[in-house]
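Each chain, letter by letter, is given below.
2 protein chains.
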Amino acid sequence: MRYDGKIILLICDGMADVPIKELNGKTPLEYAETPNMDELASKGATGLMDPIAPGIPPSSDTSHLAIFGYDPEKEYPGRGLFEAAGYGYRVSDDEVAFRCNFSAVKKQGDELIIIDRRAGRISGSDAETLAKELQKISDINGVEVKFIHTLEHRGFLILKGKNLSADVTDCDPHEINAPVLKSAPLESAKDFEAAQKTAKVVNEFVLKSFSILNSHPVNVERIKHGKLPANIVLPRGAGKRIDLESFEERWGMKPACIAAGPLYRGVALELGFKLIEVEGATGLPNTNIRGKFKAAINALDDYDFVFIHIKGTDNLSHSKDPKGKAEMISRIDKNLPIIMDAIKEGVTFVLTADHTTPCSRGIHSGDPVPLLIVGPHVRRDDVKHFDEISVAKGGLHRIRGKSLMHILLDATHRAPEYGLRPSSRHIRYIPKTWNALKL
Amino acid sequence: MRYDGKIILLICDGMADVPIKELNGKTPLEYAETPNMDELASKGATGLMDPIAPGIPPSSDTSHLAIFGYDPEKEYPGRGLFEAAGYGYRVSDDEVAFRCNFSAVKKQGDELIIIDRRAGRISGSDAETLAKELQKISDINGVEVKFIHTLEHRGFLILKGKNLSADVTDCDPHEINAPVLKSAPLESAKDFEAAQKTAKVVNEFVLKSFSILNSHPVNVERIKHGKLPANIVLPRGAGKRIDLESFEERWGMKPACIAAGPLYRGVALELGFKLIEVEGATGLPNTNIRGKFKAAINALDDYDFVFIHIKGTDNLSHSKDPKGKAEMISRIDKNLPIIMDAIKEGVTFVLTADHTTPCSRGIHSGDPVPLLIVGPHVRRDDVKHFDEISVAKGGLHRIRGKSLMHILLDATHRAPEYGLRPSSRHIRYIPKTWNALKL
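As you go down the protein sequences, you meet chains G and F in turn.
The first sequence begins at 49 in the working numbering and counts up one residue at a time.
The second sequence begins at 49 in the working numbering and counts up one residue at a time.
If you are wondering where the hints come from, they were derived from the structure by calculation, not from laboratory data.
All figures in this text were calculated on a predicted structure; none of them were measured in a lab.
Take the hints with a grain of salt, since some may be wrong.
Same chains, same names: a pair is fine if it fits in one copy or spans any two.
[Stated by the list, open to error] Think about it this way: if two alpha-carbon atoms lie no more than 27 Å apart in a straight line, the pair counts; the simulated DSSO-like pairs of lysine-lysine are:
| # | residue 1 | residue 2 |
| --- | --- | --- |
| 1 | K432 | K91 |
| 2 | K91 | K154 |
| 3 | K441 | K74 |
| 4 | K486 | K248 |
| 5 | K238 | K122 |
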């Protein structure tokens, strides 16, 4: 079989859901037309997966890390690093990166209260002009400061200097009507003084951004036209480079990534995945699903592990649109035959989500996600439908995200017998090169 | 009930499998005639068990350790210790033991390439003569060396001296067409210098074995008769004595073992099991199943925990004989009424495998194994068949090997309530003797 030993992992972001009234008590995945997912469920093994642990709502980056076989408790550099990487910025050793939003706040006493975390989804020349103003801030307390605007209300902040730390709290409270928060060192900070120094610079930057932006003509104009002002920048998710073993070093497989969302591209890049570009891949519900699947098949010739990310399912969950979500799932299903042809040729295929995003709630929940593995060496079960409820009876039962890579190594005959010692390193896969004894 | 509180654990080595084409897509366990196993499944609780963890293919010794309630990550002395013990050799504190094979290799440049890891399953006087030659090596770099031949191509190597370590890699690559490996310290070695010293002696021994055996008249003769030469000895699985709490200390039960395979006898001996000998027990598919089961029943009068090991199912898996494997499983089933009579008298009975060995693959895989527990205090489920697919819906769900002993203590009313402190030691079972307050 042409593709025996190759793996395709399809993660439909936030695809998992809960029963929704509007869908007669079905989940979007139950409600969608998914004859192909169901056929694959009949042929393979299914179950539930807690990307992190039962009841823990994963963030997208920690979930992907866990699914790729990294321990987010010990190997998480912080979201800022991935966000920056996703926009092509490689954070250097002496930098700390923060994801930022332009936001709208109002003064209340001596606090700043969130009106909208995305400043009315500001974009275009408004955002660009304001970003340029912020770029005039180049130094705070001797620390080099760079603000980089990306798309719409999004951007990131880089602090560069000695003795900085990513062990600081967010200024963004992640809620409206809450105050802008004062960044502070984490109790668990490894270098408390560095965290204190970093938090101070971040707080200073946030106050400066308010004083620059609040009275800026762009915002005066926006308010005049009934738009929300972008009168502050809120950093969150401090990230700093840590030693992360590459995916290939860890699992012995050459990985490729097909994703449009910057965060997913960033995680993949930092783990050494090759990014494959696809025309019409947008990171939105309108993405080119067919193009992504075809690109994945093409990538099988050169890569062992092809990760496809589809973001739109999550967007529709956050905007509480269960029918739109079901419709998008149906569209994903319709394109699956492209992958099913490769499964006939020996590909081991995984279909799952990185977290549950209930449309009823609009934010991530800690419910486990459905998981399907099908391939030439996978033990089947008798589940016939791919949805949250049916797969609860599957042969994989309920596993943790961190187990998935081990199961995939085993299903593609890469897993060494536990206890064997062909290599002086702790081995997760059978080594390709040997340390031969010389005569 | 006569046997209430007594436990019989039957491990059919490598019995678990995957759907096999030759068996119309059934597993050997599904294909076999197993009315008795099915009856027991109807009466008891079933599920899947990952001896180590999901996706990890266990070795036989680490799996047994885990099933007996030891943590192979922290309490694994290395296979060599168990192999030696299985042949009646008690490794002393200043010794390191290696499992060895006579193998056939060919020179290729300055490397030695594996032709057959078992030297054509050499046996008889050929093996004995060659072993005697190796026994002339008594010292390498001031370390005492002993080579001991056991059965056919098998043997073990003992190094004795100060500052030796078992934290070294294998010379056996576990694959044909791969080179003989250079033993090296594990990165995680506790005493790196000792490991370095040990690896050097092992490498020296391997090279010496090649120079002695390659041109030996026995091998010249073997080649003349179209046989593979036994021209090298390959050590693996270094083992050194560690402090292992006995099974009885840990679980409060007197254990007995009925097994013919040396490795299983060795594990049991090192944990303080009493070995019970059975006529016709061979460690092969032709073993005396009936005799083993009867001996287990007899042992119930004197022991609390009787472990029966049947090896043949694994042998047939390694030789990729699914029909033979199914036939052997049917034979095991046919003899089960002997044990079922004792279950009626209160025995708690466990049926499982130590790992999956797919006949399609011929080596261990990381798929979970089926598990059945039946006894007077065990909650039943509604699974009616004992096979990998049916038990996936069982009431035990998917557990780890390390959980089994706790479940068995509980099912025989030995488990203390969590948090109680009747004893100053960390207790796993209700103590039999009390530290009384004296007047």
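**Report entry** Indices of hints not satisfied (ascending)
**Finding:** 2
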